[in-house]
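Trainee: Here are the chains, one letter per residue:
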Amino acid sequence: MKTSKMTFLGLFTAVAMILSFVETLLPPLTSALPGIKMGLPNIAIMFILYRIGWKEATVVSIVRVILVSLLFGSVISMAYSLAGAILSLSIMTLMQKLTSFNHVSISVVGGVCHNIGQILVAWAVTSTAQIVYYLPVLLISGSAAGILVGLAAGMLEKRVPKIKF
Amino acid sequence: MKKKDFILIGVIVALALVLLICVKLTQKEGACVVVKIDGIEVATYSLNVNGTYTLNGGTNVLIIKDGFAYLSEANCPDHLCVKQGKISKTGQVITCLPNKLTVTVYGAEKNDVDLIS
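Protein sequences appear in the order of chains A and B. Each residue of the first sequence is one higher than the last, beginning at 173 in our numbering. Each residue of the second sequence is one higher than the last, beginning at 11 in our numbering.
Rather than coming from a laboratory, the hints here were simulated on the basis of the structure. Yeah, the Cβ is synthetic: ideal placement off N, Cα and C, and Gly gets one too.
Computed list of lysine-lysine pairs in DSS-like fashion (alpha-carbon distance at most 30 angstroms, straight line): (1) Lys-93/B / Lys-34/B; (2) Lys-93/B / Lys-75/B; (3) Lys-34/B / Lys-99/B; (4) Lys-110/B / Lys-75/B; (5) Lys-46/B / Lys-75/B; (6) Lys-93/B / Lys-38/B; (7) Lys-34/B / Lys-110/B; (8) Lys-269/A / Lys-227/A; (9) Lys-269/A / Lys-12/B; (10) Lys-227/A / Lys-12/B; (11) Lys-269/A / Lys-174/A; (12) Lys-177/A / Lys-334/A; (13) Lys-227/A / Lys-177/A; (14) Lys-330/A / Lys-227/A; (15) Lys-330/A / Lys-12/B; (16) Lys-334/A / Lys-13/B; (17) Lys-269/A / Lys-177/A; (18) Lys-330/A / Lys-13/B; (19) Lys-269/A / Lys-13/B; (20) Lys-227/A / Lys-14/B; (21) Lys-110/B / Lys-38/B; (22) Lys-96/B / Lys-34/B; (23) Lys-96/B / Lys-110/B; (24) Lys-334/A / Lys-12/B; (25) Lys-46/B / Lys-99/B; (26) Lys-334/A / Lys-14/B; (27) Lys-14/B / Lys-269/A; (28) Lys-14/B / Lys-330/A.
Label-pair distances were calculated between CB atoms; the ranges are: (29) Gly-49/B / Phe-193/A: 24 to 34 angstroms; (30) Ser-299/A / Thr-64/B: 15 to 25 angstroms; (31) Lys-38/B / Pro-199/A: 26 to 36 angstroms; (32) Lys-14/B / Lys-330/A: 13 to 23 angstroms; (33) Ala-296/A / Lys-34/B: 21 to 31 angstroms; (34) Lys-34/B / Leu-242/A: 31 to 41 angstroms.
Just chain A, with the same shape it has in the complex (with noise of 0.2 angstroms):
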């Protein structure tokens, strides 16, 4: 690996990790529902994607969840996001590779992704299949989210110049 292109990733792992601590200093929408995330890592993650490929935006993905589930999260918690980042990552890959949905579409799906994930792992760590009932509002405030962030993934894209590693 070039040390440019090292040094590109562990920059974007070092973004990541700061959208990730700005989004833990937002107000919950709704605390009755945990769970409810902006999912602003995603631009960062996306970024990656569009620009390196899938390789580096999954080592950055999960490098990240485990330095901010060490560092503001615990380790149970790292279980669920892990579950959620990866599965997120692999049908944002997909569809990236294989059809050409926009940023906004690719995100809104990654992040109900996302939430899926978290929520087969909590249900197979609790054994109570009623957490699924949680599934219908994370996918309304996953796919709003997810929209934000498309949209933020889709301008940063436009106007970051290329970069030749």
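Dock chain B against chain A, hints included.
Mentor: Using the frame of chain A, we list chain B on its own:
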């Protein structure tokens, strides 16, 4: 934004709304709550009997009052389970992920369990 992007997002939101309405319509007044820790059912409490119960050796405190169940105390850092508020309808669930604890409302068909506990 192209037409198909609008369609995709529209379909996701519409699907979520339909699911939400289905969930709301099928919910009935609950009869009891079941407490699960680590996936194993540990206790059942009737919603008609007011009471305060210490769960999981003191990590969470469950209160049942006037047909509603809620967690009043938790030892986890985020207290999300306490913030989830009161539940009373079938299928509603309070989740405490750090302690792997859930409190789920069941309907009248679970009454036989009530008698045993």
